[in-house]
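Chemist: As a plain string of letters, each chain reads:
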Amino acid sequence: MEMIKRVLAEKRLAVTLVVVGLGIDVGLYGLAVYPWSLKVANAETRAAAAAVDREAAMQAFEYARQTLDGKTQADDELRKFYLEILPRDLAGARGITFARLAELASANSLVMERRSASPDRDEESRLARLRITMLLKGDYRDMRRFIYELETAPEFIVIEEVVLSQGDGTDEAEVLNLGLATYFWSEDIDGGAEAEDDAL
Amino acid sequence: MLTTNLSTRPFYNERAVHVVLTILGLGAVAVMATGTVRLVELSQANTELTVVAQEAEREATRIAAEIVVLERDIGDAEIEVLRGAAEEANRLIDQRVFSWTEFFNIIERTLPANVMLTAVRPNPTDDGTYLELSVMGRGVADIDEFIERLEATGAFVDVLARQEELTDDGMYRAQLFGQLLSLDVSVETAAEPPAES
Chain U
1 MEMIKRVLAE
11 KRLAVTLVVV
21 GLGIDVGLYG
31 LAVYPWSLKV
41 ANAETRAAAA
51 AVDREAAMQA
61 FEYARQTLDG
71 KTQADDELRK
81 FYLEILPRDL
91 AGARGITFAR
101 LAELASANSL
111 VMERRSASPD
121 RDEESRLARL
131 RITMLLKGDY
141 RDMRRFIYEL
151 ETAPEFIVIE
161 EVVLSQGDGT
171 DEAEVLNLGL
181 ATYFWSEDID
191 GGAEAEDDAL
Chain D
1001 MLTTNLSTRP
1011 FYNERAVHVV
1021 LTILGLGAVA
1031 VMATGTVRLV
1041 ELSQANTELT
1051 VVAQEAEREA
1061 TRIAAEIVVL
1071 ERDIGDAEIE
1081 VLRGAAEEAN
1091 RLIDQRVFSW
1101 TEFFNIIERT
1111 LPANVMLTAV
1121 RPNPTDDGTY
1131 LELSVMGRGV
1141 ADIDEFIERL
1151 EATGAFVDVL
1161 ARQEELTDDG
1171 MYRAQLFGQL
1181 LSLDVSVETA
1191 AEPPAES
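Protein chains in written order, with the working numbering: chain U, 1 to 200; chain D, 1001 to 1197.
Among the clues, some could well be false.
To be verified - Each computed EDC-like pair below joins lysine to aspartate or glutamate, with the alpha-carbon atoms no more than 20 Å apart: (1) U/Lys80 / D/Glu1087; (2) U/Lys5 / D/Asp1094; (3) U/Lys80 / D/Glu1088; (4) U/Lys137 / U/Glu151; (5) U/Lys137 / U/Asp122; (6) U/Lys71 / D/Glu1151; (7) U/Lys71 / D/Asp1076; (8) U/Lys80 / D/Asp1094.
Keep in mind the hints are simulated off the structure, nothing from the lab.
All values reported here derive from a predicted model rather than from experimental measurement.
Working from the sequences, and respecting the hints, build out all of it.
Modeler: Here it is, written out as structure tokens:
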């Protein structure tokens, strides 16, 4: 112990320099390097979080863009369906059904005994429906052919129901009761389709 | 020659002390240099990371703003209306493409002699197309045979006679209900129009 005190006393300057140097090191690490390490770690966390946020935002943007594209495409397809495939209005619906159905029945040797039509519309639908009921009399094969020609015709006419029955016994003819429908754009069935383009 | 140390203050190894002090001094300087370099590196890293984070945050904010604009263009209510309209259009198209000719081809192949089809109503739903069939048969066995033949085609499944009743003329009237799987089973005759009588 005595020896150490003597060495410290005799080498005071050198020892002081060494101690000061070590003190500076401790201060450097304790007061600068360590706080900066924490700061960098925080910056790394912040950068990582920002990158995750950006990635999430990019994915959300892509999803929104695809949704918008899908919406635009669906809108276009619906517009095409409403304007090019379905009749434009009640007059158009009448035009593709009344004369056409009578002509088809006649061409297939069927007698149209009765026909009724009425427009209606579901609450939630933007389409109105023209329902037609036809009572046809004739041969079964002619009825099949009539149905075949109707379902392969370009007009958008849906066969909703088919009811077959035997005639009243006075002849061999069968009776075909057909429930048909076609659809047309109409927000207001009474107002026709004037608002069609605006609404689409 | 005197070889014994007679001093009251014994010598210490001065060279060893110098070496130790020198090593400690050099070590302190080295640690200081390393610390300084590390500090500079940390400072630079902090600056770079902060810039990267700020850029990413700015980008995320910009994209979020664009999403708001896109979502405004999309509009949830509009999407709902569109979805409803698309479902309705698909349902109508399904009804329109239902092939009655193919259907009658199957019925003609499967209908027993003592059974007569009197009414058909297809009902397309989200789960598939269901069919309501009204038939008249001489006996319930004939109607059951018709059901079995229908299912055997593979075109129909879960066909059930929901109601059967005896009519005044001794026939049985039945309401059948079943799911249509596919009309493609009659592909060999499907595309053909009905034959001339």
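Chemist: Each hint should be assessed against the structure and marked as holding or not.
Modeler: Going through the hints against the structure:
no. : hint                : verdict
1   : U/Lys80 / D/Glu1087 : holds, 15 Å
2   : U/Lys5 / D/Asp1094  : violated, 104 Å
3   : U/Lys80 / D/Glu1088 : holds, 14 Å
4   : U/Lys137 / U/Glu151 : holds, 19 Å
5   : U/Lys137 / U/Asp122 : violated, 32 Å
6   : U/Lys71 / D/Glu1151 : violated, 40 Å
7   : U/Lys71 / D/Asp1076 : holds, 11 Å
8   : U/Lys80 / D/Asp1094 : holds, 17 Å
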